[in-house]
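Going down the list, the sequences are from chains A and B. Heads up, this note's numbering is the position in the first sequence plus 56, with the first residue counted as 1. Heads up, this note's numbering is the position in the second sequence plus 310, with the first residue counted as 1.
For the record, the hints were derived by calculation from the structure and aren't laboratory data. Careful: at least some of the hints might be erroneous.
[Claimed, not checked] Straight line, CA to CA, 30 Å or less: simulated DSS-like cross-link-like pairs of lysine-lysine: (1) B:K380 / A:K122; (2) B:K380 / B:K417; (3) B:K417 / A:K76; (4) B:K380 / B:K348; (5) A:K111 / B:K380.
[What the hints assert, rightly or not] To give an idea of the chain A side of the interface with chain B (calculated C-beta under 7 Å), a few residues: (6) L130; (7) T134; (8) T136.
All values derive from a computational prediction rather than experimental measurement. C-beta atoms are modelled at their ideal positions from N, C-alpha and C, and glycine is treated no differently.
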Amino acid sequence: GAVVSQHPSRVICKSGTSVKIECRSLDFQATTMFWYRQFPKQSLMLMATSNEGSKATYEQGVEKDKFLINHASLTLSTLTVTSAHPEDSSFYICSASGVAGYLRDIQYFGAGTRLSVL
Amino acid sequence: AQKVTQAQTEISVVEKEDVTLDCVYETRDTTYYLFWYKQPPSGELVFLIRRNSFDEQNEISGRYSWNFQKSTSSFNFTITASQVVDSAVYFCALSEAGRAGGTSYGKLTFGQGTILTVHP
């Protein structure tokens with residue numbers, strides 16, 4: 057149980073285009089989803105926290121208009137990188153925590169998306 | 311503010327050796343959770359364990375064991391008889407275990423990670 061699917065696993069795009077990343081909880085309902093960014097050989101940096109049906113809470117320094125997050129249902133959250141530039145190239149990882157019981161306080165992670173902006 | 315320190319940046323061992331990954335944390339919360347995650351080369355973080363701050367019992371799961379010492383704010387992870395498949399980056403993390411819906415509820419503070427390489 058507690059499987060989180062993230063798609064796509066890898067994307068290469070041209071500078072100026074927008075890229076959408078999906079994060080789905082496959083076998084549980086996720087009240088909260090988190091989006092992280094990870095640079096090579098570094099730890100995870102939290103970008104934002106999203107709760108189903110409400111606006112995402114962004115961490116300091118993260119541009120809301122640049123990284124659009126939508127958490128439309130209890131199983132799906134999306135991150136859209138708008139007008140991507142080479143400096144946005146990174147590894148993006150989502151996680152989800154469940155509604156109740158042991159799932160409530162544990163984040164389960166997706167496999168990550170490697171974004172390369174040319 | 312919460313802080314997690316993994317002082318060992320990289321560890322290299324030979325298969326079958328035991329290895330301990332250190333984790334020291336700082337928090338003002340009286341109730342919190344501690345976690346260990348494994349990130350293999352594929353990139354996905356795999357949940358290994360969660361420990362509640364009120365539960366100081368050590369835990370063993372197969373070749374893995376965890377030692378939680380509240381007095382020294384440490385939550386160390388030992389792999390016994392290491393195998394090549396254990397090669398990964400291991401992250402220790404801390405989260406507040408307060409009121410659900412609070413602004414910081416559930417947010418993880420990660421350590422910098424320890425790169426473990428197990429050689430055949």
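Quiz item: Which numbered conditions among the earlier hints are violated in the structure presented, ordered from lowest to highest?
Solution: Result: hints 1, 5, 6, 7, 8 break, sorted rising.
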